[in-house]
Amino acid sequence: MISIYILFITAVLVLFLGLNKSETKFGYFTSLILILTTILCVAGAKGWMNFDKLSTWAPQNMMFFGPSEYLFTALITFIVAIVLWIFAENKEIGTDRIGLILFATIGAIMMIGYQHMVVLFLGLETLSIPLFVLAGSDRERLSSNEAAIKYFLMGAFSTAIFLLGIAFLYGGTGTMELQAIGLKPSFMHALEGMATPVMIRIGLVLVSIGLLFKISAAPFHFWSPDVYEGSPNRIMAFMSTVVKSAAFVAFSKLMLAFSGVKSDWDYWIVAIAILTILWGNIAALKQNSVKRTLAYSSIAHAGYLLMYVLIATEASDFILFVYLLSYALSSIALLAMAHQLQLDTEENLNFDVFKGLSKKQPAMALLLAIFVFSTAGIPVTAGFAAKFYLFSSTFASYPLLVFVGLLGSAISIGYYFKFIKSAYLETGTSDNRIVENRWVYWLLAMVLVAVGVFGAVVLQFVGV
Amino acid sequence: MLDLLNLRTNMSTPESYIPILLQMGVAVGFVVLTLSISHLLGPSRKTAKKEDNFECGIEIKGDARFPVSVKYFLSAILFVLFDVEVIFFYPYAVNFKSMGWDGFMAVLAFVSIFLMGFLYVWKRGALEWEK
Chain P
1 MISIYILFIT
11 AVLVLFLGLN
21 KSETKFGYFT
31 SLILILTTIL
41 CVAGAKGWMN
51 FDKLSTWAPQ
61 NMMFFGPSEY
71 LFTALITFIV
81 AIVLWIFAEN
91 KEIGTDRIGL
101 ILFATIGAIM
111 MIGYQHMVVL
121 FLGLETLSIP
131 LFVLAGSDRE
141 RLSSNEAAIK
151 YFLMGAFSTA
161 IFLLGIAFLY
171 GGTGTMELQA
181 IGLKPSFMHA
191 LEGMATPVMI
201 RIGLVLVSIG
211 LLFKISAAPF
221 HFWSPDVYEG
231 SPNRIMAFMS
241 TVVKSAAFVA
251 FSKLMLAFSG
261 VKSDWDYWIV
271 AIAILTILWG
281 NIAALKQNSV
291 KRTLAYSSIA
301 HAGYLLMYVL
311 IATEASDFIL
321 FVYLLSYALS
331 SIALLAMAHQ
341 LQLDTEENLN
351 FDVFKGLSKK
361 QPAMALLLAI
371 FVFSTAGIPV
381 TAGFAAKFYL
391 FSSTFASYPL
401 LVFVGLLGSA
411 ISIGYYFKFI
421 KSAYLETGTS
431 DNRIVENRWV
441 YWLLAMVLVA
451 VGVFGAVVLQ
461 FVGV
Chain V
1 MLDLLNLRTN
11 MSTPESYIPI
21 LLQMGVAVGF
31 VVLTLSISHL
41 LGPSRKTAKK
51 EDNFECGIEI
61 KGDARFPVSV
71 KYFLSAILFV
81 LFDVEVIFFY
91 PYAVNFKSMG
101 WDGFMAVLAF
111 VSIFLMGFLY
121 VWKRGALEWE
131 K
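These protein sequence lines map, in sequence, to chains P and V. By this note's numbering, the letter at position 316 of the first sequence is numbered 316, and the numbering carries on one by one without gaps. By this note's numbering, the letter at position 110 of the second sequence is numbered 110, and the numbering carries on one by one without gaps.
In case anyone wonders, no lab produced these hints; they're calculated from the structure. A couple of the hints might just be wrong.
[Unchecked claim] Looking from chain V toward chain P, a few residues come up when the C-beta cut is under 7 Å (computed):
{"hint": "1", "residue": "14"}
{"hint": "2", "residue": "116"}
{"hint": "3", "residue": "120"}
{"hint": "4", "residue": "123"}
[As the list claims (entries may be wrong)] Under 10 Å between C-beta atoms, here's a sample of chain P residues computed to sit facing chain V:
{"hint": "5", "residue": "12"}
{"hint": "6", "residue": "99"}
{"hint": "7", "residue": "199"}
Glycine included, C-beta positions come from ideal geometry on N, C-alpha and C.
Make the full structure from the sequences, and use the hints.
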C-alpha cells in the first residue's frame, strides 16, 4: 500500500512541477524516489518496518501486502527506477511521460497485491491505459503511432475476454475473493468426486487468455514484436519487463488459487509453454533488428516462466523473483546499451550499433557480454541460476517441458551470439557513441554476477 | 460444508441458458428470413442514387476524410471526462443520506483527484482555444 501512496503523490507532484520544463531532472528525481520506495518495500518484506497502519482505511479484502508482495513491489519499483535513470531524455518538454509511467507502475503494484478479482482488473487497466498512450508518445514517428493503435486494439479485446472470464469465474464459484475462490473448487472436487463445473473451466480459460496476452505467450504474441519495435526504447524497456513481471505474479497467484483443480488446466498451460518457447526462439533467429530480437527473446522467456505457473506453491516465490530479476535487468541493460550507442535516431536499431565496441570501449563490450550471457542463461550469471532453479523444480512433474526448455535455450544461443559477434568479431567503420551512465551498467552487471555466484545467499535474504 | 453444497445445487448450470440461445436463434432467424424473402420477391432496379451511401436523406457533399483540428478532439475528450464525473454524482445524490460521512469523504477524494486533473489540463494549455 505504501508504495502506491508514494508513487501517486510523486506522480502528481512531478506532473505539476514539471509543466513546460525539461524532463531530465525530473527523471532523476523520480528515479531516486523509486529507489527509496524499493528500500521501504524491502524493509516491509523483511519486517523491519510495519506499514499496516497506512492501509487500515482501505477496504480490507481488496488488497493484501505480505512479505512476498512487498518483495515483488520492490522488484517493480527498482526496475522502473533503472529504466527512468538509464533512459533519461534530454529533448522532451513536459513531464507527462514520467507521470504516465508512474501511474502504470501503480497498476502493476495493484496486480501484485490483489486479493479481489475487481482489483486485478483495475490494476490491469491502470497498467494498460497509460501504456497505450506511451507506446505512441513519439508522435512524429509513424511506427510509434502504429504501435499505439495496435496495442490499444489488442489490449481492448484481451481486456474484454478477461472480463468475461471474471464473470464466468464469479458464476462458477460465487465469489470474487481469491482466498475464497481458492478454497471452493478444490473443496467441492474432493468432496463430491465430481468434475469441475464447466463455468469454472471456461472462466479459467478466458481469464488466462487475458493474462497470456499481456505476457505475450505464443498464440497471443503477434502484437508484441510490432509494438515493441514501434514504441520508444524507454517504453519498450518498461513494457517488456514491468508488464511481464506484474502479469506473471498475478497469473501465478490466480492459478495457485485453483491448484486444487490443477488437472483441469495444466495440460493447456503446458501446450502454450511449449509453443511459446519454440516459437519465440525460432522466430528470433531470423530477426535483424535488436528490438525485434529482444521482443522474441522476451516471448521465449515468457514461455520458460510459464513453467513457474505450473509449479507455483506458497513457498516457491524465490524462483519467480530470481528469474524476473535476472531477465528484467539484463534485457533493460541490453536495450539501453543499444539505445545509447545509437542515440540520434530510434529508427531501425540493428546489430551494427555494436560493431567494433570491443576496440573502442572494451569495458562496455565486456559488460555487454555479461548481459548477453545472463539473458541466454550461461553459468556464473543470474540467468543461469534462475533457469537452474526453475528447470530443476519443474523436472519432477513436467519432464517434457524441461526438455523443450533446454532445447529452446540451446536454440537461443544462435541469436544471442549475434550481439557478441558484432561487438567482438566485426571491426566495422562504426562511429560508436560513448555509453553514458556507465556506473549503472556496472551496478547491473555486478547484481547479475552476484546473484549468479552467490545465489543461495540471495535466496536466504529473500527469505524462502 | 452444508452451505457449499447448497451453493452447488442452486448454481445455474449451462443448461439454464438454453432459453437465451433460443431467443438468439429466433432473433437472427427473423432478420435472415425477412431480408431473404424481400430480396427474392421484390423487384430490384439499380440507379446511381440508390447505390449512394445513405446518410440521412440529404445529398452527400464532399468526403468524410478531411483533417480536423486536434483541438476538437481535445475538447470532446475533456467533455466526456467531466460528463462522466457528473454521472457519478447521480447515484451519490440518491444515496446521500444512507452513505453518511464515509460516502462524503469518498466523493470528496474522487472530486479532488478530478480537480487535480482539471488544473493540470488548464495549466498545460489544453483549454486555450485561440493559440
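Status of each hint after checking the structure:
1. Here the hint on residue 14 of chain V is kept, as its CB sits about 5 Å from the closest CB of chain P, short of 7 Å.
2. Of the supplied interface hints, the one on residue 116 of chain V holds, with its beta-carbon coming within about 6 Å of a beta-carbon of chain P, less than 7 Å.
3. For residue 120 of chain V, the interface hint holds, since its Cβ comes within 7 Å of a Cβ in chain P; the closest pair sits about 6 Å apart.
4. Checking residue 123 of chain V against chain P by beta carbon gives a least distance of about 5 Å; that is within 7 Å, so the hint holds.
5. Annotation: interface hint on residue 12 of chain P holds; nearest CB of chain V at approximately 6 Å, less than 10 Å.
6. For residue 99 of chain P, the interface hint holds, since its Cβ comes within 10 Å of a Cβ in chain V; the closest pair sits about 9 Å apart.
7. Below 10 Å, beta-carbon pairs count as interface contacts, and residue 199 of chain P has one with chain V at about 7 Å; its hint therefore holds.
When each numbered hint is compared with the structure, no violation occurs for any of them.
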